[in-house]
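As a plain string of letters, each chain reads:
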Amino acid sequence: MVNDLVDSTSAGESPASSLSEALLLALSDRDYKLRDRAIDEAAHVADPSDLIELVADHDDAGRRNAALEALAQGGARSVPSLIRALRHPDVEVVMFAASTLGRTRDPAVIPHLVRLLDQEDLNVAQAAVDSLARLRATVAVGEIVKLLNRDPWLRFAAVHALGEIGDPHAVQALLPLLCDDSVREMAIDALGKIGSVEALGPLAMLLRESADAGSFASCLRAIGGVLEHHPDPGVLRNIHEWAAISSPEAMGVHQRIMEVLGALERQWSDDLEIRTAAAAIIRALRLEPLYTTLVLAGRDPLLADVLQYCAVSIGPEISPSLQTGLGVRNAEVRVLACQCVGALGLSDCVPHVTALLADPDEKVRAAAVHTLARLDHAAAVPAIVRLLHDPGQVLREAARAALGRMDAAAVSAGLLADPATAGAGKTVALEIMRGNPHPTQAAFLTACLDDTDPTVRRAAVAAAMRQPGDFLGTVEALLYDGDAAVRREAVRALGRSRGERVCRLLLLAIEHDAETRADAIRALGQAGDARTIGRLVAVLSEHPPRQPAEIEALAELHEAASEPLLVRLVADPDPAIRVAAIRSLGACGSTVALRHVFMAVRDSDARVRRVVADAVSRCRDTALLETLIMDSDASVALAARRHLEDLEQAARHDRP
Amino acid sequence: MKKLLVVDDSNLVHALCRQLLGRMRDLTLSFARNGEEALAWIAKEGEPDLILLDVNMPVMDGLECLRRLAAQGTSQRVPVVMVSTEGRDDDVRRGLEGGATAYLRKPFAFQELRELVTRLGGRA
Numbered sequence: 000m001v002n003d004l005v006d007s008t009s010a011g012e013s014p015a016s017s018l019s020e021a022l023l024l025a026l027s028d029r030d031y032k033l034r035d036r037a038i039d040e041a042a043h044v045a046d047p048s049d050l051i052e053l054v055a056d057h058d059d060a061g062r063r064n065a066a067l068e069a070l071a072q073g074g075a076r077s078v079p080s081l082i083r084a085l086r087h088p089d090v091e092v093v094m095f096a097a098s099t100l101g102r103t104r105d106p107a108v109i110p111h112l113v114r115l116l117d118q119e120d121l122n123v124a125q126a127a128v129d130s131l132a133r134l135r136a137t138v139a140v141g142e143i144v145k146l147l148n149r150d151p152w153l154r155f156a157a158v159h160a161l162g163e164i165g166d167p168h169a170v171q172a173l174l175p176l177l178c179d180d181s182v183r184e185m186a187i188d189a190l191g192k193i194g195s196v197e198a199l200g201p202l203a204m205l206l207r208e209s210a211d212a213g214s215f216a217s218c219l220r221a222i223g224g225v226l227e228h229h230p231d232p233g234v235l236r237n238i239h240e241w242a243a244i245s246s247p248e249a250m251g252v253h254q255r256i257m258e259v260l261g262a263l264e265r266q267w268s269d270d271l272e273i274r275t276a277a278a279a280i281i282r283a284l285r286l287e288p289l290y291t292t293l294v295l296a297g298r299d300p301l302l303a304d305v306l307q308y309c310a311v312s313i314g315p316e317i318s319p320s321l322q323t324g325l326g327v328r329n330a331e332v333r334v335l336a337c338q339c340v341g342a343l344g345l346s347d348c349v350p351h352v353t354a355l356l357a358d359p360d361e362k363v364r365a366a367a368v369h370t371l372a373r374l375d376h377a378a379a380v381p382a383i384v385r386l387l388h389d390p391g392q393v394l395r396e397a398a399r400a401a402l403g404r405m406d407a408a409a410v411s412a413g414l415l416a417d418p419a420t421a422g423a424g425k426t427v428a429l430e431i432m433r434g435n436p437h438p439t440q441a442a443f444l445t446a447c448l449d450d451t452d453p454t455v456r457r458a459a460v461a462a463a464m465r466q467p468g469d470f471l472g473t474v475e476a477l478l479y480d481g482d483a484a485v486r487r488e489a490v491r492a493l494g495r496s497r498g499e500r501v502c503r504l505l506l507l508a509i510e511h512d513a514e515t516r517a518d519a520i521r522a523l524g525q526a527g528d529a530r531t532i533g534r535l536v537a538v539l540s541e542h543p544p545r546q547p548a549e550i551e552a553l554a555e556l557h558e559a560a561s562e563p564l565l566v567r568l569v570a571d572p573d574p575a576i577r578v579a580a581i582r583s584l585g586a587c588g589s590t591v592a593l594r595h596v597f598m599a600v601r602d603s604d605a606r607v608r609r610v611v612a613d614a615v616s617r618c619r620d621t622a623l624l625e626t627l628i629m630d631s632d633a634s635v636a637l638a639a640r641r642h643l644e645d646l647e648q649a650a651r652h653d654r655p
Numbered sequence: 000m001k002k003l004l005v006v007d008d009s010n011l012v013h014a015l016c017r018q019l020l021g022r023m024r025d026l027t028l029s030f031a032r033n034g035e036e037a038l039a040w041i042a043k044e045g046e047p048d049l050i051l052l053d054v055n056m057p058v059m060d061g062l063e064c065l066r067r068l069a070a071q072g073t074s075q076r077v078p079v080v081m082v083s084t085e086g087r088d089d090d091v092r093r094g095l096e097g098g099a100t101a102y103l104r105k106p107f108a109f110q111e112l113r114e115l116v117t118r119l120g121g122r123a
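Those sequence lines, one after another, are chains R and Z.
Quick note: the first sequence, position 204, residue 203 per numbering that gives the first Met the number 0, numbers continuous.
Quick note: the second sequence, position 84, residue 83 per numbering that gives the first Met the number 0, numbers continuous.
Extracted from the complex, chain R is given alone in its bound form:
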């Protein structure tokens, strides 16, 4: 890679006298892709002290930033040089070094950063604070708190850092700042991030007292942060100022929460967080007068998950508000209300949900279908069966999914009563029956197994094998069906059963039916009878696989007994067979299997050699890949080169 950089370094640069120098030159290349590669390389191979020298050069900001990026990516290997740079005579180098130490993710740098906190240069001290925040340095909290008495720039940085570090020990130092206009909002933010319950009372008071929408929003967000850390409302009940928010005296707060949730346009860049917090407050305090506001906030689909969580947490007492939501004009709200009814299992809402099967909005109808399925409302089955023929795919899929889960007796009755089931809807009905079997379906299935349409017979086989009772004899007859797809389905169905008879039937299929052979091999593996593998190998030795799919199916059995057969296939005259055999042996991974894979490195067909490259890369065998890099076929050489680069990259990351 470094050679590439030397070749492609911008014209006009004086030639580098060494590869290392070339790499450092490439850090200032205008081509960003080249520069990114140089950064990545420099992070691992350049001397960090050389990179520090580039940081000290103020004339090329781009190269300086690239050097800083390389130092950051270098992680622990950059740390000694960065620590030395904290004593550099140029205060800006000190500042950059302090800032970069935070990105090395090495906790060993924390004491060095703490020592910078009382630096006279504000930018250096602030860079140190910032880095301590990145490192989540809880040990530095005490020292950072002391900065709250210094210059406003540092106070700000300190408050921010305390929030990022998230240590509850900082709360007592932050609470007084709620009275300081210059940092109040930062302090509110920090308390929200820390999430300590100690802050809840003061934040609740501030919420009631906040004079403008902006402060109110900040308090909401911070309270939301605390509630996330304490999801059990019972724990918070004894905090007087917090509990007071649910009193009638806090009507002003309720009104403002309604305004936040009811706003039609986004007011703030963190609007979603603020609305989420508002919803969380309603949930945590069980503010019943605001339940309908909560449901109506569902007009914003981005809030749907949060609102559903809140509704489910609140429980059945939100039912009246959900019923209101089922009848509003906004379709998103009706969808949300439907989903919440289903999640809560609110059977009293069934009439309202059933009415939504005729809703003008397709999403709402689909939500109603899902909800009626969750409530297992059998009376709705006929209406849902009719939706199997809806012009819209969304409704048809919703109906299928619902009928697959509802009471099997009701679903069977509904399907068998539907005229379409006897006609064009037969296959769909059979697919539903496959997922939701019931004895009343038996006669219908038997008739479908004899249908003139092979698609129907295939679907009937799949459904029949899920039925209680013995359909094996019936399915066995279809092993001789004139349609290959039907026979394959019959073979697959057999794979779900066990027993000598099943194994015998599958072995016969392998021996005599080339079109179903791959499926029969897989089905035999599924049947799970290890005694048959020997017989399988014997059959395949007499009737060798002629399709790659058969070989892959054999490899999927993960049976040592199949390896000799696979090894023989490496010498097959058909390159497609050799490719499948090599791939399968590579997946086997045994010593013998891999030896035969390696030997195929000289195969005459490039497709085979490419698969060899793929297989040896998984074994991390770089020697063979280096052979394949010189392959006469460009695609093989390229595949080998890519695998080699990947292995080298992985080896670098594994280095201590």
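If you are wondering where the hints come from, they were derived from the structure by calculation, not from laboratory data.
Computed from a predicted structure; not experimentally measured.
Just so it is clear, CB atoms sit at the ideal spot from N, CA and C, and this is done for glycine as well.
Keep in mind that the hints are not guaranteed to be accurate.
Stated by the list, open to error - Within a straight-line C-alpha distance of at most 27 Å, the following computed DSSO-like cross-link-like pairs (lysine-lysine) qualify:
#1 Lys32/R <-> Lys43/Z
#2 Lys145/R <-> Lys105/Z
#3 Lys43/Z <-> Lys1/Z
Claimed, not checked - Sample of chain Z residues with no beta-carbon within 12 Å of chain R, all distances over it, derived:
#4 Ile41
#5 Ala42
#6 Gln71
#7 Gly72
#8 Asp90
#9 Ala108
#10 Leu115
#11 Thr117
#12 Arg118
#13 Gly120
Claimed, not checked - Selected chain Z positions facing chain R (Cβ under 7 Å, derived; list incomplete):
#14 Leu11
#15 Pro57
#16 Asp60
#17 Thr84
Chain R is already provided as a structure; the job is to place chain Z on it using the hints.
Here is chain Z on its own, set in the frame of chain R:
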């Protein structure tokens, strides 16, 4: 509603801007972490009314971003305020010659930032 794009890789600067400017009437803030993100934001959302542009950022630094903004004409239409810890005259000159409208040295007074945004943000 005026749009301010803050281009800086520091979470602290983002928080500072939210604290100082986030609740100003008729002003919305958006944030990018480097020059490349800023250019992508502008391509998608359109030109803002004011850009605060840090010099030292990974991926694409502020001076390169300023060059590209000049090349596409953005810095002629949108005021760009360079923000940096570097206070040498050469650095200021490089920024202003590159198309920046103003240069703000860190650590700056908070009121200075508010006044600059009020003055320049209303120009677009």
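Handout entry: Violated constraints from the hint list, given by number and in increasing order
Key = 8 and 9
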